[in-house]
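Colleague: Given next are the chains, with one letter for each unit.
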Amino acid sequence: MAERLSRRAFVGRGAAVAGGAGLAALLAACGIEGTNEQSLAQLRRQADAVDHPRVEIGEWVFADWPLYMDKAIIRSFDRRFGGATKFVEEINDNNDFFGKVRQQLTAGQPTGRDLAVLSDWMAARWVRNGWVTPIDRDNVPNARHLEAGLTDPAWDPGRRFTLPYQSGAVGIGYDIRQTGRELHSLRELFNPEWKGRVTFLTEPYDAAGSVLVMQGKDATDATLDDELEAIELIGEANERGQFRRFTGNDYTTDLAKGNVALALAYSGDMVQLQSDNPNLRFAYGEEGAVLFTDNLLMPAEAAHPYAAEAMMNYLYDPEVAARLCAYVNYISPVRGIREILERDAPEIAENPLIFPPDEVRPKLQPYPSFTTREEQTMNEAMAKVTGA
Amino acid sequence: MTAATAAPTAAPVRRARRLPTGWLLAAPALLWLVVFFAIPLANQLQVSLLSGDAEAGYTLTWSFSTYWDALSDYHAQFLRSFGYAAAATAIDLVLAFPFAYFAAFRAKRSKAILLAMVVLPFFVSYVLRTVAWQLILADHGWVVERLRDVGLVSADGRVLASAPAVIAGIAYNFLPFMILPLYVSLAKIDRRLIEAATDLYASRATAFRTVTVPLALPGIFAGSLLCFIPACGDFVNAALLGTSRQYMIGNVIQSKFVNVLDYPTAAALSFILMGAILVFIAIATRLLGTRTLTEAAV
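So the protein sequences, as listed, match chains D and A. The numbering used here numbers the first residue of the first sequence as 7 and each following residue consecutively. The numbering used here numbers the first residue of the second sequence as 1253 and each following residue consecutively.
Mixed in with the good hints there might be a few duds.
Straight-line C-alpha distance at most 20 Å; calculated SDA-like pairs for lysine to any residue [unchecked claim]: (1) Lys223(D) with Lys106(D); (2) Lys201(D) with Ala1415(A); (3) Lys106(D) with Ala1415(A); (4) Lys369(D) with Asn255(D); (5) Lys77(D) with Glu65(D); (6) Lys201(D) with Gly1304(A).
Rather than coming from a laboratory, the hints here were simulated on the basis of the structure.
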C-alpha cells in the first residue's frame, strides 16, 4: 500500500515538474503579437507609389458575406476575364472575421484573401493599421461612378484603400398587423405601448447611433460620451423590459414569426422579408437614419491585387452594379444605375429602401470615426447592456 | 492489492520490467492528452494573464486582476449557469428515470426501438434542434396558442425568451445523456437481488428504495455529471430561446472571444468555470462517495 502511494506521489510530482517546466516555457513565449499603427501619411506614400501590373487573372480569392452577391456576376466576370474566382461566403460578423485573419495581418503575412468586404468601422481599423493593399486606381477607372457623398470618408480620404460595396439604412422594421398603424419615428422603439415586443441591435454603431439620430443629434459627429449616453439609455429601457432581445441579423426570425411587433432593422433585410410577408414594413425614422456602408478592400500582402482591382472595376460598371443591387436589395454606391433599373426592373427602381427618397437622403448619417481605445470602450459598454 | 501484499523484495524487479509496457500502452492516450489538453490549457492560462487589446496586441503582464474583474462583472451569469444547469439536470433525472426503468425492466422487444428513439435526435445538429424549438414555441404558434387556451400561459404571455424556455431547452438537449447511463446501470442490476428483497418481506416500494435506487446510483451520478457539466457551459439554448436576461456564462465567453475579441477575459472566465465545475464534482463525489459508488457498480 505504502509502495503504491509513494509511486503515485512520485508520478504526480514528476508530472507537476514536467508540466511546470513546459508551462514556464510556454508562458515565456511572448504575448499575442501586436501591431504598430502606421501614420496615414506613410500609408498614402505607399498608395502614391502603387502600381499593380496587368497580369493574367488566374485563381484568386474573394471573401464576402452570405447572400450578399449574385453568383451569376462572379461567373460572368470569370468568363469575361478568364479568371477562376474563388468566391467564399465566410464573413458572418466583422469581428469574427477579423479574429480569423488577425494573426496573419499583425505578423505581416498574407491572409490568403485578395478581396474582402468589411463594414466601415472595421475597414477603418484595417486602414489605420496598414493592414490593406492600396488600390491602383488606374486599374479601376469605373470608380468614377462612386456616389459623391462616399468619396471622402475621414478614415480613408480619397478612397485610396477601399471602395464602398453596398450601403444600407438602419430603421424601423415592423409588422403592421401587430402595430395596427404605420410607424414613423425611432421613438416608437422606446414606446411603452410595445413593451417586450421590440428587438434592438447588438452592434453599437447601429444601436447607439440610431438613438443619437432619434435625439436629433448628429450620429456622424458623435463623441464617445454621446455614444455612452445613448448606450445607457438603451440599458435603462432594457431594464424596464422594453426589448425582447438584442440581435444581429437574426431579428428577422422574430419579426417574420410575429414574436415582436417592431425591430431596429436593416433596410436590405426588410426588402427580402417583405417578399415573403407583405405585412412587414420598413420606415426610415423621420428623425433620420444611420447609414452603414460595407467596403471592398484588399488585405495587406494580397497575392493577386490586379484580379481584385479588375473585380472592383467590374462591380462599378453601372450595368453590373444594377444587377447586384437588384439581387441584394441594398443601397448601391454606384451612380447611374437607377436609369438602368427603371428600364429592366421598374419595381426595384421605385423601392424607397433601395433608392432612398430625396427628402430622406440628406438625413442619412454615416458612422462616426473613433480611435481603437474609444471603440473598445463603446463595445464594452454595449456588451454590458446586452448581457455578454 | 495482491501485488502490494506480495513479497516486497520481488516487487521492484517485476515492476521495473512491467513499467515500460504500461507506459507504452498509455503513450498514445497520453500524447493525445498532452497535445490536445495540457498544451492548450497552458496556452489558455497564459492568454488569461495577458493584457492589451485585439488591435494593439496583447502582452504578458501576469495580470491576475483579470480573474477578479471577470468574476465581479459576471458573477450573475455564473450563478445563472449553475442554477439553470442544476434545474435542467433535475428535470432530466425525473424524466429519464421512469423511461430508463421501463426500458430496462419492462420493455421486451420494444427496447431497441425505445433506445433508438433516444439516440435518433442526435442525427440532427444540436443548433438545428434548438432552432426548431424556436419555431415550435413562437408566440403565435399553435403550441403557445393552445397553452393560452388552457390558461397555462397568460393572454399576453410568451414561452420563448424566458428562463423556463432556456431550462427546458437544456433539459431537452441533454436528456439522452441522462437516459443512457441510467439505462445501463439499471439493466445491469441482478433481478434476483430485488426478488430476494421481496422474499424478505420488503414491499415493492421498499425494495425499489433500498435495492434498485442504490444500485442505480452510479448511473444517476454519471448521468447527472454528463448533463450538468456541458449544461454549465452551454450558450446555444440561452442565445436562441432566451434573452440577454437569460444569458449564461457560455454566452459571455463566446461573445468575449468572438465579438469583443477580449481574449484574456474569455480565457479567465473559462478557467473560473472549469475550476467551479471541478469543485462541484469534488463535493458531489465526497457526498455520494466514490467508494460506495464503485462497490455498487460491481
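Colleague: Now tell me, hint by hint, if it's right for this structure.
Modeller: Hints, one by one, checked against the model:
1. Of the pairs offered as hints, the one joining Lys223(D) and Lys106(D) is violated, with about 36 Å between alpha carbons and a cut-off of 20 Å exceeded.
2. Proximity of Lys201(D) to Ala1415(A) is assessed by CA-CA distance (about 18 Å); at most 20 Å being required, the pair is judged to hold.
3. With a C-alpha separation of about 33 Å, the suggested pair Lys106(D) and Ala1415(A) falls outside the 20 Å cut-off, and the hint is violated.
4. With a C-alpha separation of about 23 Å, the suggested pair Lys369(D) and Asn255(D) falls outside the 20 Å cut-off, and the hint is violated.
5. For the hint pairing Lys77(D) with Glu65(D), the CA-to-CA distance comes to about 16 Å; that is within 20 Å, so the pair holds.
6. Taking the CA atoms of Lys201(D) and Gly1304(A), the gap is near 39 Å; set against the 20 Å cutoff, the hint is violated.
Going down the numbered hints, you'll see the structure goes against 1, 3, 4 and 6, while the others check out.
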